[in-house]
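K.L.:
Listed below are the residues making up each chain.
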Amino acid sequence: MRLVSLSDQRKFLSLKIDMKRNTNSIVKKKFYYNWLGRPNSLKRSQVLFILTVFIPLIALFLIIRIIPIVTVFGISLTNLHLIRPVTKFVGIRNFVHLLGDEQFISSFFNSVEYVVVAVPLEIVLGLTFALMLNRKVKFESLYETLYFIPYILPMVPVAIIWKWFYTPGSFGLANYLLGSLGLPYVPWMSNPKIALLITIGIHVWKNLGYFVIIFLVGLKNVPNNLREASKIDGATNWQTIRLIELPLIKPIILYGVVMATVWSWSAFTEVYIMTQGTDISTGAEIQVLVYRLYQEAFVFHNMGRGCAVSLVVFLISLGIVLLEFKILRWKER
Amino acid sequence: MKERIGQTEVQKKKISISRVVLYVCLLITSVTIVMPLIWVIFTSFKEKAEIISIPPTLLPRIWTLSNYIKLPKVAPFFLFFLNSIFICSVSTFFIIFGCSMAGYIFAKYKFKGQTFLFFLVMGTILVPLQAYLIPLYLIVRSIGWINTYRGMVFPLIIMSSGIFFLRQNILAIPDELIDAARIDGCSEFRVFWTIIFPLSFSATAAIAIVNWVYTWSQVFIWYLVVANSEKLFTMELGLMYFQRNYVTDYGGIMAACVLCLLPILAVFLALRTRIIEGVSFTGMKY
Amino acid sequence: MYKKSFVYLVMTGILTVCLVGIISPLAMSKVRISMWTAFPEMFEFEKSAGRRYEKLHPNVEIEVTLFPQRALDEKAAAALPAGEGPDLIDFHKIGVYPYHAAGLMDVVPSDVAEWARENLPAFVFNANVDPRTNRLIILPLYINVECMYYNKDYFKEAGFTTLPEDIYEQMMYAEKLVKYDTAGNVTRAGLDLRLSGGASGTAQKFWTQAMCPYGVRPIDPVGDKWRAGYDNEWGQKALKYYLDAVHKYKVESLDIKSDAEGFGLGITSMFQRESWVMAYLRDHAPEINYSAFPMPKGPRSWGGGGTTIGLSVPKSSVHKKETWAFAKWLLNDENSVRLFCEAGWQPIRGNVDYSEVYKVFPAARVFVEVLNTPEFKLFDYELMPAIDEIHTRIAERLMVAFKKPELLDPEKLAKVIDDMANETNRILADYDLLAK
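Residue numbers (our numbering), protein chains in the order written: chain A, 1 to 333; chain B, 1 to 286; chain C, 1 to 436.
Incorrect hints may appear among the rest.
Said to hold, decoys possible - The calculated lysine-lysine pairs, modelled on DSS-like cross-linking and capped at a C-alpha distance of 25 angstroms, are:
1. C:412 with A:193
2. C:179 with C:250
3. A:193 with C:415
These aren't lab readings, by the way, just hints derived from the structure by calculation.
All chains, full assembly: derive it from the sequences and hints.
P.N.:
Here's what the structure looks like:
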């Protein structure tokens, strides 16, 4: 029995004749693959991967990070207002207005005070606790946990709790503690300097755990033989710390300083909570730059001026970070 | 022999004064740091009269659940909780896959403009959200995503430091392993899924944890600005808006605060070591 | 078999289409009105009012959504320019006015406006008319009349049988009512003033409490533009009143809890606020024995704040006629009484019998009397776009000023008022609204 039907045989025959005809008359064509490469090739697979994964990611990255950062510059030069329909280019009028605005200047200095007070406190206290914890203490992980808890808590309840703690008069716990020690009541909320300091205190309380942990991890990474060698050489504990451990965790301290600076400079939530409320609040003196940004853009709907404030926040933040890199890297020599 | 015994006797642990001071310091400072939380938890179980009484008491004389019971009447806190979970989960999901894939591409691929893009990513690590908040808001507003879940999650699906961190991590994976898989005929997706992803899992987990904590506790201003309707509030936002209903009700607001703190606290106590590891390691690999 | 199931499918399909065709006209004929509001108490009232209206008009469906505080502001800013707003907004006039200026809102139809002219107090009607078009732009629903609440027990303890009539008497009463502890701190404030707080409230309370008696206001109309109105000796006297209270007579302290909370805790003797405090005190501090009296007279005028909050309809609303009908219905007698009782806010209408309300809130009588007293000059905020920013800036400066006892020196005080007025004028200039 023939396995192939007659009709199929005829088809094959005609194909053979066609092929013979073709190969006799044409030149061998070069076969190009398209830009994707051979099917199942590495190149094609890689290109597909990049197309489906990387391009969207980069596009998202551009939209979420780069375009906004760049347009801050642009919008700060206009008078974009959320409700006003016409936007026009006004040059540096927003900046001039801000420079003449007393509240803006005081917010600026409040932010500076924030950084100047919070960063050293966080770094020094963080280092101190980390060094204490590094001495083969029992229940070390318990202490670590206790220190770290405030860092993971959301800021809004934390700020509300501290605001309640510092309620002025006889209703606040802080005043009660002072009173029971025989000390006079402190006007926590009504004295702007004190109010700013307690707000910074909330910030430091919350972030301290982060610094303790990163310094502790850094200290643990210092090779033990170095420490033992210095002990054999007769160094006291304090000398060991100062000359061996601290220099070795310099990069981590730098990282800590940079992070602390960026966080204090852009603090918002705690200031927002402390200045709200009709029964008792700290008032407008403790406002920081980011709060002013929020107010200009989302309360007064003045996006142009809000972007001007954002620009100030961004540029100075950049400047401080670069400065810190320079200073602390220099010391490394 | 005798000398040796003598030596081991001398080497018995001495409890020196400095040790004692150390322990005392640690105890005092850690308790001081956690004290406000403990106080708040106890206050939320007190009755109103006891809260404003002088002298204040630490432990409630009368334990009461009334502050918690009236919580649902004030605001739909459970809904807020679900919203928070939803947003954090979606964000973390995108971060896990997005950052590891991007890290893989930056680590193992060579193409034009790669270093430029990477420096761009690195440059945005230290820029806080507040600096570019306004244009981001305007962009989200122009696509009509204000007051939607999409709008709230939108800026949280990219994490520059995550990409950086995972790139460093994936660089350490030997190339031969990947080439071997490719020779065996794996497509890039399979290479990623079966080799890169499992090998960089601990780093990815660290990133995921950091991102979870970040979106739960440290992003407030974005939610404040985008969420305009009660249905979308996260726990922090809900707590802030409904403070107004609590004006003299200290017990109530403390109970609401405890409720807001409880989820992340529970997660932390359960995954304590993982979280601390994750947070500390992402800072270390510079 | 194949053919049978196919037939069944087709029959089901035809049946569904028929059913949908029958039901949907019924559903379509229902008028859906969506409503946004910013205050939780109004939300409850509007929800229940909506349900009652639905019973009266079965083809209408009313849906009320609450956007607390600032959220309504932002939501409107996002939705109204895009045409996605609700059918009815319950919001204050100065929040809605920018959208009017941008042409996004519907004006009150003339029949409803006529009814409003007959039934609402004259000053309310006039304050809500757009000067450019002479049309009523918002249908006022409730009003924030400010009166002084006082603690009757403390007044009796101090031996007072009458109520203060002018601001000097008020300060004298406060001096007798204040209590100190051994260290000299104020433990019970004689006169509680709003010295701090978020946003613009401090400036608005200051306007009623101090600026009004001296006859000044934050901005004065000059032609069709504006100018700061307190840049004179009367403005300085207004600020001096507050500074005297805190630093000279020491009847108020920055360290005492203020506002409704302070009053509810019994640590203040009198304070100025709107009618909703009565509902608050009923819920949170029922033991306080209180009543109210109208804002005291001043050397130059007698009056106080009376900002109206009302209903407006965006142009994007689908069923404008039914929406305005519902809005007008919300102002009828029964609803006015219910509004007062349930929400605690004072309804706009003065010509309604509120005896039901007086049974629950006896002090409400004072509020209604003030509304119906023509000699008492109630002012409302001006209709202009920069008002919120001006008030907020004034509030911020005031909060700084209240803390400085050295400002009792008249020269320094004059400088502070001067700087404040310059800033107000600068904001006006930014919006091209400064009069020359």
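K.L.:
All hints are to be evaluated individually against the structure, with a verdict given for each.
P.N.:
Each hint, compared with the structure:
1. C:412 with A:193: The hint holds at about 21 angstroms.
2. C:179 with C:250: 10 angstroms, holds
3. A:193 with C:415: 23 angstroms, holds
Of the hints listed earlier, there is not a single one the structure fails to meet.
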